[in-house]
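**Student:** FYI, the numbering for the sequence shown is 1 to 564, going by the UniProt record's numbering.
Source of the hints: derived by calculation from the structure; they are not laboratory data.
Treat the hints with caution; some may be incorrect.
[As the list claims (entries may be wrong)] Think about it this way: if two alpha-carbon atoms lie no more than 25 Å apart in a straight line, the pair counts; the simulated DSS-like pairs of lysine-lysine are:
1. 16 / 98
2. 235 / 98
3. 259 / 159
4. 259 / 98
5. 99 / 248
6. 94 / 235
7. 159 / 16
8. 477 / 337
9. 259 / 99
10. 98 / 248
11. 99 / 235
12. 248 / 515
13. 94 / 191
14. 248 / 94
15. 248 / 259
16. 251 / 94
17. 251 / 235
18. 513 / 159
19. 259 / 235
20. 159 / 477
21. 248 / 235
22. 235 / 16
23. 16 / 513
24. 251 / 16
25. 337 / 98
26. 251 / 99
27. 337 / 16
28. 515 / 16
These numbers come from a predicted model, not from an experiment.
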Amino acid sequence: MAAGDLEVLTALDTAKTQWYHFTAIVVAGMGFFTDAYDLFCISLVTKLLGRIYYTVEGSATPGTLPPHVSASVNGVAFVGTLSGQLFFGWLGDKLGRKKVYGMTLMLMVLCSVASGLSFGHTPASVMATLCFFRFWLGFGIGGDYPLSATIMSEYANKKTRGAFIAAVFAMQGFGIMAGGLVAIVVSASFKARFPAPAYAVDPAGSTPPQADFVWRIILMLGAMPAALTYYWRTKMPETARYTALVAKNAKQAAADMSKVLQVEISAGAPEEDAAAAAATAPAPASASFGLFSGEFLRRHGLHLLGTSSTWFLLDIAFYSQNLFQKDIFSAVGWIPKAATMNALEELFSIARAQSLIALCGTVPGYWFTVALIDVLGRFAIQVTGFLMMTVFMLGLAVPYEHWTTPGHHIGFIVMYGLTFFFANFGPNATTFIVPAEIFPARLRSTCHGISAASGKLGAIVGSFGFLYLAQNRDPAKTDHGYPAGIGVRNSLFLLAGCNLLGLAFTFLVPESKGKSLEEMSGENDEAAAAAATPNYNNRTVPVSSHGGTCRVEITGCSPMPARA
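Generate the whole structure from the sequences, applying the supplied hints.
**Tutor:** Have a look at this one:
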């Protein structure tokens with residue numbers, strides 16, 4: 001019996017959208033809400049950290065984090081995320097999605113709180129403690145990527161699966177907005193309670209002592225949404241596809257999904273026989289291949305290359321877009337010069353600007369994907385997204401001098417916003433969705449983790465490699481502490497090239513719209529091959545000898561390999 005013939009899997013593929021689907025989206029989505037809040041809120045408070053811990057007495061400008069400290073504080077969570085994606089992706093296939101899902105959330109809660117409690121007698125020790133806890137925070141966040149995507153794909157029906165997975169991922173947009181809004185509320189509250197002069201008026205008094213509580217509160221509040229959903233994660237049953245196809249317990253899978261979907265799903269004799277046969281039969285090598293086997297390379301090697309490379313190239317471009325945020329914010333007056341503000345005013349201005357960008361560019365793109373992915377398909381959205389990102393980045397790069405002259409900043413903002421929109425209504429969403437759909441159940445979480453880790457490697461390159469590359473070619477005009485680079489214009493040309501490569505690698509990834517997971521992964525073919533293989537274990541056969549008969553019991557036989 002093929003995997004697709006199991007009644008419980010058929011019931012999942014054809015189930016009508018109901019309340020439990022939305023519950024699963026919220027439970028998984030709140031993890032991503034927390035992920036985005038925790039990963040992006042650090043960029044809001046780095047200026048404040050610089051003022052509190054690295055202000056130089058007598059300097060004309062407020063203190064800033066040294067380049068190596070800034071890179072560590074911002075980047076250590078990315079390193080942790082990459083590690084967590086690989087580890088928890090693998091563990092999700094070994095132990096099951098449910099057993100691991102609560103671990104990642106609890107790690108996120110504990111490390112969010114611990115980040116705000118970072119201690120030390122010197123600036124270096126405070127930053128070191130903060131980096132330690134943010135690494136482990138990222139480690140937990142990393143596990144949420146493969147597990148949330150895999151769980152949602154295995155719960156969903158095939159008609160609306162793309163929209164459900166995209167809705168989980170779209171919670172990132174709300175998490176980014178929430179980080180900005182929390183920073184606005186906290187900074188405004190402290191600013192009203194503890195007024196301070198601008199840095200240019202009184203450098204020492206521009207950063208009140210209470211400002212040290214502000215960044216800690218912002219980081220610690222990231223634990224709340226994760227903690228609120230922990231109970232519901234522990235109550236979610238194991239996915240039916242893992243239970244039936246990996247744990248080989250079709251009866252338990254049917255029982256779990258009967259409760260979840262509130263329909264009667266039979267685990268009748270045919271299913272039980274099939275599950276038992278699958279568990280005891282000596283499966284052919286082609287039906288039990290591992291990640292590092294030649295069979296996996298033949299069947300899914302190009303698919304994994306496609307999902308990993310497109311996510312890597314996308315995140316280089318996506319995370320590098322903050323390189324010109326400071327130019328945009330300053331040009332339109334959203335962020336005045338640092339010396340004209342006190343520490344809390346600067347935090348308020350940065351948070352307001354980031355929230356506006358999230359509201360206008362990030363959130364709409366995500367939800368366009370949710371609405372249209374099961375209509376247009378993954379391939380069309382990803383190709384269009386990469387293509388439009390290339391066009392708009394070239395549109396920024398070619399006449400770059402034109403955009404940076406007074407009077408043309410509005411056009412620059414529009415082009416920048418459209419680039420962000422087509423990243424989210426494009427490969428930023430589809431690279432998350434597709435790896436959860438096209439690999440076998442026993443390797444699904446692992447392969448998604450590998451793809452996601454490739455993306456996070458691209459994020460590190462985009463955030464920090466291009467931070468140095470985009471510096472002015474004139475050493476006298478670089479940001480403090482940075483060497484000369486190739487300039488923003490040339491960096492934009494390189495990023496446009498990354499997008500074109502991403503478009504090309506998209507052709508390695510199959511379209512999964514409207515197809516079952518077993519059809520995409522080839523598990524129907526594997527099960528059919530296993531069923532077609534004769535199993536002679538513990539059988540008795542009659543043997544004729546000189547006119548009489550006797551019975552010979554055959555045990556432990558395996559099919560002989562075909563003769564070449």
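**Student:** Going back to the hint list, which numbers does this structure go against?
**Tutor:** 13, 20, 25 and 27
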